[in-house]
Amino acid sequence: MKRNIQKKLVEMYQSVPPMPDAEGMTSIIKEAKSIKGVIPKESSLFWFVKTQIRFIDIKVWIFQILLLCMYALFVCATLQNTEGFLLLVPITPIVVLIGTSELSRSFRYRMAEMEIPTHFSLRQVLLARLIIIVAADLFTLTCLMIITALKAYTAINALILYGIVPCLVTAYGCLWIMNRCNNSYSQYYTATYSIALSVVGGMSVNLWPVWYNTSAHGIWLLVFCLALVGFYSEVRKMLNNCSRKLECFNEI
Amino acid sequence: MELILDRLTKQFKNKIAVDRFSYTMKAGVYGLLGANGAGKTTLMRMICTVLSPTDGDILFDGHSINVLNERYCDILGYLPQDFGYYPDFSARDFMLYMASLKGIKNRAAHKRTDELLHLVGLSDVATQKIRSFSGGMKQRLGVAQAVLNGPKILILDEPTAGLDPKERIRFRNLISDLAKDKIVLLSTHIVSDIECIADQIIMMKKGKLILSGTTADLTEQANGLAWNLIVNPNELEQYEARYCISNLHHTSMGVELRIVSEEKPAQNAQPITANIEDLFLFHFSDELGQTSGKTSGGIQ
Amino acid sequence: MADKINQSECETDDMEEIIREYYDDIYKYCYWKIKNSTDAQDITQETFLRFIQNFVNYVDMGKPKALLYTIARNLCINWKRKPSYIPLENIENDSSFIISNELDTVIDKMYLHDAVSSLPLSQQEVLLLRYGQDLRVGEIATILNISRFTVMYRLKCAINKLNKMKIGED
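Protein chains in written order, with the working numbering: chain R, 1 to 252; chain P, 1 to 300; chain A, 1 to 170.
Some hints could be false.
Below, in silico cross-link-like pairs of lysine-lysine (BS3-like), each with a Cα-Cα straight-line distance of 27 Å or less [to be verified]:
1. K7/R to K28/A
2. K30/R to K161/A
3. K237/R to K13/P
4. K105/P to K50/R
5. K35/A to K80/A
6. K138/P to K59/R
7. K105/P to K65/A
8. K28/A to K2/R
9. K2/R to K35/A
10. K129/P to K50/R
11. K2/R to K156/A
12. K65/A to K30/R
13. K111/P to K50/R
14. K7/R to K82/A
15. K7/R to K164/A
16. K28/A to K30/R
17. K30/R to K182/P
18. K161/A to K7/R
19. K30/R to K180/P
Simulated from the structure, these hints should not be mistaken for lab results.
Looking at chain R on its own, in the form it has when it is part of the complex (with noise of 0.2 Å):
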């Protein structure tokens, strides 16, 4: 009965007198036609990450591949089984040095001005850019582990967190330094700052051999936490303050 009364509203509502004006689609199709240069935009995140991807420099790519391929190389052709992890702690901060300098691209080469008043502005910019280079470098970290697992007999989770650990806290550092420095020099300090991050892990190894006891593990859980609190702050900050940076442009 149900299914009857449904028929028969469908029916009810079929009936409908025809329209009075029969010309009236032809009208308006007339009018849609009308305008001209009409844009099709897309307007989600995704997508808009994806085309990014295409615009990071791609000195940025070949530094990373380099980078493994040398590491590789370096690994299995030089390191005694057990040392296997010495060399992924320095290196880690070189690889998040590589990617940092495009997060500053838009400042540097004086295009912010422009990016900002556009439909995905300046904010999303740096949002889809840390996105790509955030998973470069996992990707690399990731191949830099295995690289290292392949070699070294360290527990896989020591692994992760002499891997993740370093890069995060040159992460945070770079970040930290970016937000608060705005000139051509923020290259510099983070490239020193990344450097010696990577000079201290390199040293550590053989100077606090301790750092690497399971023991030390807790430590290294804590450094981890505290690094990327740190980093997702940093991260917000220069989000929040696209626009602001340009507050210090003066007349001439």
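With chain R held as given, fit chains P and A onto it using these hints.
Chains P and A in isolation, oriented as in the chain R frame:
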């Protein structure tokens, strides 16, 4: 289509760059005239959401641009006064990059890029790196990216600065073509650039709006400000010190001066038809230091 | 202001397709809301005009169907608020189509029509969208900005009420 600037104010630390600027714009070309430091760039940056005003509001069709956000940026095109470029980019890369920022889909982006590069005369250099471009070419590329998204509002900050006369004329014609059914605001301190193409001229001084009107209105206002006078070469210095001289021409009979002044500078001075440049000089002479300057009919 | 972030591939040719596809449907919908064919067509024209104008600078279009119905619905609501609007409740007033129907089906339809009109407006709305416009529950939910559950609940209540009024019996 209406853009309302409502008592816009921008204060930087101890300097007020734009002071309670109010103006309404409808479709047409608006020329923003003012000396360096008058606040033109700051005003334009506020219109383009690059800077946020200290006070006041900007309304497009009755809606505040803070509410409209991306929808406002979708109908906006901006050419900054001084812009850089990513060094590895070619002209085409640059256009496609800006197209992606404006949310234009791939196929349409390529089509628009080709169309616009052709329009601005950069088709043959589309694949060349921007670092090899001349100033004029760069400016043309800048205009091309500004109109990528088919904007209703076009803001051009000193688009002809640094261009040679031929390029300036080309630019003027390009802007005239693009200006149909749009609000175009272009700023300059070169009067001749906008005299011909602007429907309305807005004069800005020390952050304030001091004058606005059509070329005809302003020329009328300038009436009685321009004088022609021939003086002896040895009197030249005292006239230069006392009056604003917009043009100076040595002839066999003496030095022919075009003086901008409210009162008659000398007994034998002849009143002549004033133009916008005279009006501009009259208002801005103190900022330009014209009282002692020798110019040749233009403010550079 | 819709902040849907949907992917929608529309170009000018697609626009014509959209108009052709939905013009009749929107007209029918407006007729059942306004009960006057002239006004209904006016609103239909206005709906598409707004749709096109929105299109010129469109970014987040969402699905055109949902948007069209939303515009039409809002226009109908505003139309009814106008003091000049006098609801024409009786379908007899559109005499041209009465003649083409048999008398008892007309009476049947009138009875059903009155029964539907006696339902709460919210239920009438979902009935129209579901059976008149053949929209899916999800689509109705989007247009009316309510949950799918609410849509289904209202439909169920409406059908039950009509059932009680013995509409289904011949």
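Tested hints:
{"no.": "1", "hint": "K7/R to K28/A", "result": "holds, 17 Å"}
{"no.": "2", "hint": "K30/R to K161/A", "result": "violated, 45 Å"}
{"no.": "3", "hint": "K237/R to K13/P", "result": "holds, 22 Å"}
{"no.": "4", "hint": "K105/P to K50/R", "result": "holds, 12 Å"}
{"no.": "5", "hint": "K35/A to K80/A", "result": "holds, 11 Å"}
{"no.": "6", "hint": "K138/P to K59/R", "result": "holds, 25 Å"}
{"no.": "7", "hint": "K105/P to K65/A", "result": "holds, 22 Å"}
{"no.": "8", "hint": "K28/A to K2/R", "result": "holds, 24 Å"}
{"no.": "9", "hint": "K2/R to K35/A", "result": "holds, 26 Å"}
{"no.": "10", "hint": "K129/P to K50/R", "result": "holds, 24 Å"}
{"no.": "11", "hint": "K2/R to K156/A", "result": "holds, 10 Å"}
{"no.": "12", "hint": "K65/A to K30/R", "result": "holds, 20 Å"}
{"no.": "13", "hint": "K111/P to K50/R", "result": "holds, 20 Å"}
{"no.": "14", "hint": "K7/R to K82/A", "result": "violated, 34 Å"}
{"no.": "15", "hint": "K7/R to K164/A", "result": "holds, 16 Å"}
{"no.": "16", "hint": "K28/A to K30/R", "result": "holds, 22 Å"}
{"no.": "17", "hint": "K30/R to K182/P", "result": "holds, 23 Å"}
{"no.": "18", "hint": "K161/A to K7/R", "result": "holds, 16 Å"}
{"no.": "19", "hint": "K30/R to K180/P", "result": "holds, 22 Å"}
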